[in-house]
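Asker: Sequence order for the protein chains is A and B. If you want our numbering, it's the position in the first sequence, counting the first as 1, plus 490. If you want our numbering, it's the position in the second sequence, counting the first as 1, plus 45.
Just to be clear, a hint being listed does not mean it is correct.
The calculated DSS-like cross-link candidates involving lysine-lysine, where the alpha carbons are at most 30 Å apart (straight line), are [stated by the list, open to error]:
hint	chain 1	residue 1	chain 2	residue 2
1	A	Lys505	A	Lys519
2	B	Lys117	A	Lys634
3	B	Lys153	A	Lys634
Rather than coming from a laboratory, the hints here were simulated on the basis of the structure.
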Amino acid sequence: MASAEVLRIAHNAEKRAEDTNGRVKGVEKRLRGLGSNLHCIDEKVQSLDKKVQDVNRGVQDIGNGVRDVDSKVVRGNRLSSLRPILVVLEYSDVQILTGNQRRDTHLRWLSPPNPSTNHNIAYDIHHHGTAQWFFASNTYNEWKSTGSFLWIRGKRTSLLATTIDFLTNLISQRALGRQSSGFYHFIFFFLS
Amino acid sequence: MALRNSGEAAVVYFYFDFRDTNKQHLRNLLHSLLVQLSAQSDPFCDILSNLYYAHDCGARKPSNRDMMECLKGMLSSPRQAPIYIIMDALDECSNASGIPSPREQVLKLVNELVNLDLPNLHICITSRPEFDIQAVFQFLTPRPVSLHDERGQKQDIANYISSVIHSDPWMSRWRDEDKKLVIETLSELADGM
Numbered sequence: 491m492a493s494a495e496v497l498r499i500a501h502n503a504e505k506r507a508e509d510t511n512g513r514v515k516g517v518e519k520r521l522r523g524l525g526s527n528l529h530c531i532d533e534k535v536q537s538l539d540k541k542v543q544d545v546n547r548g549v550q551d552i553g554n555g556v557r558d559v560d561s562k563v564v565r566g567n568r569l570s571s572l573r574p575i576l577v578v579l580e581y582s583d584v585q586i587l588t589g590n591q592r593r594d595t596h597l598r599w600l601s602p603p604n605p606s607t608n609h610n611i612a613y614d615i616h617h618h619g620t621a622q623w624f625f626a627s628n629t630y631n632e633w634k635s636t637g638s639f640l641w642i643r644g645k646r647t648s649l650l651a652t653t654i655d656f657l658t659n660l661i662s663q664r665a666l667g668r669q670s671s672g673f674y675h676f677i678f679f680f681l682s
Numbered sequence: 046m047a048l049r050n051s052g053e054a055a056v057v058y059f060y061f062d063f064r065d066t067n068k069q070h071l072r073n074l075l076h077s078l079l080v081q082l083s084a085q086s087d088p089f090c091d092i093l094s095n096l097y098y099a100h101d102c103g104a105r106k107p108s109n110r111d112m113m114e115c116l117k118g119m120l121s122s123p124r125q126a127p128i129y130i131i132m133d134a135l136d137e138c139s140n141a142s143g144i145p146s147p148r149e150q151v152l153k154l155v156n157e158l159v160n161l162d163l164p165n166l167h168i169c170i171t172s173r174p175e176f177d178i179q180a181v182f183q184f185l186t187p188r189p190v191s192l193h194d195e196r197g198q199k200q201d202i203a204n205y206i207s208s209v210i211h212s213d214p215w216m217s218r219w220r221d222e223d224k225k226l227v228i229e230t231l232s233e234l235a236d237g238m
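All chains should be modelled from the sequences, with the hints used to inform the complete structure.
Answerer: Shown next, in the form of structure tokens:
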């Protein structure tokens, strides 16, 4: 074979090899392009996914909003049925209500012992018609009107129970604007 | 409500009781008097509310001194209606333990209250004349009532014994002179108690 022919064949082979090489590179390039396209698609799918989630959340929010409105409507309905009571309280005895609430608070805070239990025991075992000498005495009457301190020496719980009731009733009768005399037939004595 | 707003007198009381440990200390007395006064008057209720708020809305309990000052604040407030504080059986407040003992603490309070010299404050206390009580009270009152010496008290005792003897189905059958002897003897032995 002539050397010229060999050279031509070699040249052709080289060219084909170069062509093949170029094609492979082209394929490679396309594959890379495809890869980045796939990546783009992936990103788009993800963002779509996110949007769907957002929409879902929006729907949930709307649901909650609807429920809130519902419960407000229910509450509003209830309040409108209570309104007459609220109005009555507003215009009558708010002072009493708050005063009593404060007194309940004081009671819970200090939780005092209850002296009325002793008072009731002493009062229940009294003897009718005694201790009048005490209420008629100057000592008692001076103490009641002007005295600062009275010491009753001795042990006589029922005398005290009677005194407490005497004073309390006197005050209640005055508060009611009635005559204070003639109401006190409850002067008692208990031999302790 | 009428009583609270009318400026009428307030009556508060406390029974010392040796059988009940919640009724033997100054703290118990102050808790009880403050709550009773607060219940009987709106201005007093305001004063106790101030103490409550000053103790972090009830998160802390007030000391005895805080409560004594609060009580004095109520008693000295411009309200002029009479206030009666009545205590029974101070001798049942213990003086056995503690320095000062519960009884010494109460005696100190009574002394302070009487010395406020308030024209609308009237304090009445019944108690056996035990030494420590006598020592304080003799300076606070010119004329204590001694139940032993009161003719009315003796007559009350005789009347009571008589009514028991005459109403009891068994004793009422006694002869008149026996009844008389029992009434006289028991009245004498009771010695005003």
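Asker: Now, for every hint given, state plainly whether the structure supports it.
Answerer: Results of checking the hints against the structure:
1. Lys505/A <-> Lys519/A: With a Cα-Cα distance of about 20 Å, the restraint between Lys505/A and Lys519/A holds, given a limit of 30 Å.
2. Lys117/B <-> Lys634/A: 20 Å, holds
3. Lys153/B <-> Lys634/A: 23 Å, holds
Consistency with the previously given hints is maintained throughout, with no hint failing.
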